[in-house]
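Asks: Modelling step: build the complete structure from the supplied sequences, incorporating the hints.
2 protein chains.
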Amino acid sequence: MARNIVISIDAMGGDSGPSAIVGGMVKSAQKNDEIRYIVHGDEAVLRPLVDKRRELDGIVEIRHADGVIDMTEKPARAMRNGRNSSMWAALQTVERGDATVAVSCGNTGALMAISMLRLRRAPGVDRPAIAVLWPSQGPARYNIVLDVGADIRADARDLVQYAIMGTEYARLGLELDRPRVGLLNVGTEEHKGRAALQEAADDLERLCQQPDCPFEYVGFVEGGDIGRGVVDVIVTDGFTGNVALKTAEGTARMIRTFLREAMEHTIFSRIGALFALTSLRRLQKRLDPRRVNGGVFLGLNGAVVKSHGSADATGVSAAIKLAFRLAKNGFTEQVAARVAAQSGKPHPAPAGQEG
Amino acid sequence: MARNIVISIDAMGGDSGPSAIVGGMVKSAQKNDEIRYIVHGDEAVLRPLVDKRRELDGIVEIRHADGVIDMTEKPARAMRNGRNSSMWAALQTVERGDATVAVSCGNTGALMAISMLRLRRAPGVDRPAIAVLWPSQGPARYNIVLDVGADIRADARDLVQYAIMGTEYARLGLELDRPRVGLLNVGTEEHKGRAALQEAADDLERLCQQPDCPFEYVGFVEGGDIGRGVVDVIVTDGFTGNVALKTAEGTARMIRTFLREAMEHTIFSRIGALFALTSLRRLQKRLDPRRVNGGVFLGLNGAVVKSHGSADATGVSAAIKLAFRLAKNGFTEQVAARVAAQSGKPHPAPAGQEG
Numbered sequence: 001m002a003r004n005i006v007i008s009i010d011a012m013g014g015d016s017g018p019s020a021i022v023g024g025m026v027k028s029a030q031k032n033d034e035i036r037y038i039v040h041g042d043e044a045v046l047r048p049l050v051d052k053r054r055e056l057d058g059i060v061e062i063r064h065a066d067g068v069i070d071m072t073e074k075p076a077r078a079m080r081n082g083r084n085s086s087m088w089a090a091l092q093t094v095e096r097g098d099a100t101v102a103v104s105c106g107n108t109g110a111l112m113a114i115s116m117l118r119l120r121r122a123p124g125v126d127r128p129a130i131a132v133l134w135p136s137q138g139p140a141r142y143n144i145v146l147d148v149g150a151d152i153r154a155d156a157r158d159l160v161q162y163a164i165m166g167t168e169y170a171r172l173g174l175e176l177d178r179p180r181v182g183l184l185n186v187g188t189e190e191h192k193g194r195a196a197l198q199e200a201a202d203d204l205e206r207l208c209q210q211p212d213c214p215f216e217y218v219g220f221v222e223g224g225d226i227g228r229g230v231v232d233v234i235v236t237d238g239f240t241g242n243v244a245l246k247t248a249e250g251t252a253r254m255i256r257t258f259l260r261e262a263m264e265h266t267i268f269s270r271i272g273a274l275f276a277l278t279s280l281r282r283l284q285k286r287l288d289p290r291r292v293n294g295g296v297f298l299g300l301n302g303a304v305v306k307s308h309g310s311a312d313a314t315g316v317s318a319a320i321k322l323a324f325r326l327a328k329n330g331f332t333e334q335v336a337a338r339v340a341a342q343s344g345k346p347h348p349a350p351a352g353q354e355g
Numbered sequence: 001m002a003r004n005i006v007i008s009i010d011a012m013g014g015d016s017g018p019s020a021i022v023g024g025m026v027k028s029a030q031k032n033d034e035i036r037y038i039v040h041g042d043e044a045v046l047r048p049l050v051d052k053r054r055e056l057d058g059i060v061e062i063r064h065a066d067g068v069i070d071m072t073e074k075p076a077r078a079m080r081n082g083r084n085s086s087m088w089a090a091l092q093t094v095e096r097g098d099a100t101v102a103v104s105c106g107n108t109g110a111l112m113a114i115s116m117l118r119l120r121r122a123p124g125v126d127r128p129a130i131a132v133l134w135p136s137q138g139p140a141r142y143n144i145v146l147d148v149g150a151d152i153r154a155d156a157r158d159l160v161q162y163a164i165m166g167t168e169y170a171r172l173g174l175e176l177d178r179p180r181v182g183l184l185n186v187g188t189e190e191h192k193g194r195a196a197l198q199e200a201a202d203d204l205e206r207l208c209q210q211p212d213c214p215f216e217y218v219g220f221v222e223g224g225d226i227g228r229g230v231v232d233v234i235v236t237d238g239f240t241g242n243v244a245l246k247t248a249e250g251t252a253r254m255i256r257t258f259l260r261e262a263m264e265h266t267i268f269s270r271i272g273a274l275f276a277l278t279s280l281r282r283l284q285k286r287l288d289p290r291r292v293n294g295g296v297f298l299g300l301n302g303a304v305v306k307s308h309g310s311a312d313a314t315g316v317s318a319a320i321k322l323a324f325r326l327a328k329n330g331f332t333e334q335v336a337a338r339v340a341a342q343s344g345k346p347h348p349a350p351a352g353q354e355g
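Chain order of the listed sequences is A and B. Residue numbers for the first sequence follow my numbering, beginning at 1 and rising by one. Residue numbers for the second sequence follow my numbering, beginning at 1 and rising by one.
Certain hints may be false.
Partial pick of chain B residues on the chain A-facing surface, computed with a CB cut under 8 angstroms [stated by the list, open to error]:
1. 30
2. 32
3. 38
4. 138
5. 186
6. 310
Residues from chain A that keep clear of chain B, each with C-beta distances beyond 10 angstroms, as calculated [as the list claims (entries may be wrong)]:
7. 15
8. 16
9. 47
10. 51
11. 83
12. 142
13. 203
14. 222
15. 313
Please keep in mind that the hints were generated in silico from the structure rather than gathered at the bench. Predicted, not measured: the structure shown is a model, and the values here were computed from it. Backbone N, C-alpha and C define an ideal beta-carbon position, used for all residues, glycine too.
Replies: Structure (structure tokens):
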């Protein structure tokens with residue numbers, strides 16, 4: 001099969017360095033014979049890493065970039081000063097059409113800001129969003145939550161667009177025919193929550209009654225429902241979504257620590273841990289953030305996959321796998337078509353502003 | 001010692017019924033010889049439950065109430081129609097000064113609404129808040145998070161008051177001399193987040209520089225910091241706090257399910273679970289929501305402890321223990337004095353409103 005799906009990679013972002021990223025490229029190349037790479041970063045570092053891996057022979061183009069955007073760099077500064085960076089170059093490669101999708105482990109804020117600048121919002125999209133896969137007890141084993149931090153604000157129209165974009169991601173990423181969409185709120189009763197949520201709920205209800213609606217709107221859901229399998233796509237603003245995501249990650253980390261302490265506490269529990277080793281490893285794998293690696297930026301003219309900053313080769317490979325599926329299935333075009341098809345009402349002008 | 005701390009109990013709320021609540025009263029009475037109870041509910045049900053427990057002899061006054069507020073009742077309806085309910089009577093007993101603190105396992109929204117109506121806001125408090133104890137890896141083993149759902153809105157002045165009220169709770173509940181306070185945000189950088197957060201951060205910074213400030217302001221924290229032990233009091237609006245709390249509970253529940261599945265998966269892991277049983281139970285105890293039972297309503301003229309709806313006798317007893325400590329230490333008066341002492345700027349009038 002021809003290697004005709006091109007993925008643009010920022011090899012300098014992330015905490016684990018270029019060797020983890022090249023390691024991930026190798027893992028994915030072994031499993032997938034349709035991928036080619038354009039890699040951006042310091043050629044003096046990348047060339048030897050790539051050359052010594054036989055699996056990458058003839059499928060990698062290295063494009064030298066001098067600069068690296070620091071993990072703590074503020075987005076506004078990255079936009080002003082990042083032109084010579086590997087991240088900028090990786091996104092420009094998608095902008096020019098040399099690749100369909102970009103992957104980076106770098107600074108999320110900077111990646112979003114430069115993505116907005118280079119790829120621009122898809123027609124009709126007001127606020128792009130970051131979507132993540134979330135471990136779930138449902139049959140698909142994962143849910144999709146968005147926005148988890150592209151923008152701290154979202155009005156009713158944005159929330160409806162998140163529902164539409166998240167639906168496309170769920171259809172492709174979770175292979176669901178008609179995903180169930182819920183709006184994150186502080187209660188499931190209809191009267192609860194902020195005005196934007198009330199309005200978005202009405203709009204989703206109405207959209208959902210149209211015969212060709214690609215999702216089922218299930219109503220308001222609460223924080224405890226995110227991983228429960230009662231919905232597939234959870235829609236919220238980027239402030240709430242970011243807090244929820246980081247709270248869940250923190251809770252999982254705390255329980256892992258407590259579990260390890262408990263299993264090391266007595267000689268009996270240590271013996272128990274030995275007996276249960278395989279099963280405990282399976283549990284760890286199920287909760288491993290590297291396996292569900294990759295936030296996706298939705299609503300741009302091009303696909304961008306953000307891998308965890310601390311991703312190792314396994315994590316990078318998971319992000320590349322996701323990027324491949326998005327590219328292969330024409331994800332960007334599908335999202336744009338869905339957003340365009342949604343005949344939403346015009347964006348209400350914010351108070352105190354002409355519009 | 002005289003039994004002179006009187007606790008007013010709504011015996012009809014909650015999912016486990018009056019027998020769990022009377023069971024919790026017994027547990028607390030066994031451990032504490034300063035408590036007396038005034039119990040509200042159906043006397044025909046309560047009298048036999050109380051009479052058969054020798055530990056409650058002479059320390060319980062039953063006050064009959066016909067009505068029960070349903071767990072799914074809307075707050076507005078509960079306020080209109082709840083006058084004959086056990087919840088209403090429990091709060092009225094605090095209002096009249098017959099008891100210092102009320103405990104209920106009932107409907108949170110209704111309890112908050114009726115508390116506001118009967119006890120009213122303490123002088124100077126704009127929005128009362130619900131605070132919870134949150135398991136933490138820090139030395140105190142718990143943090144305090146507020147607001148987790150009393151009000152979905154909070155402006156800068158409210159957030160500052162939450163910090164002050166949460167500080168008093170931490171000093172009493174966690175026995176900390178000078179609690180560390182953080183504001184929940186989507187990043188720790190100073191420029192991030194909503195305008196109200198920016199303004200509250202400036203105010204807390206300024207307050208914290210005064211010589212008698214009872215807390216240390218540490219700045220913005222993220223969702224992942226809530227259980228990490230870098231702060232003692234996490235301040236946020238009731239919408240975000242509610243989503244964070246329920247997301248954390250949901251994550252813990254999901255991991256418990258996955259862990260049980262993992263330990264039951266093979267014959268080896270079952271043997272392992274047997275060996276590790278005591279340690280796994282210790283872990284369960286550490287994460288057990290019943291042990292940290294009791295959200296506290298802050299900012300009212302009287303203390304109210306909300307126990308989990310599904311609390312059993314152990315959970316109810318934990319809530320009573322907390323209520324006892326609040327009453328014994330004059331918590332309500334302390335919070336009111338602190339709020340009054342804070343010479344904050346006047347509340348800015350919302351846009352479009354005269355003030």
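Asks: Hint by hint, where does the structure go against what was stated? Just the numbers, ascending.
Replies: The structure conflicts with hints 1, 2, 3, 4, 6 and 14, although it agrees with all the remaining ones.
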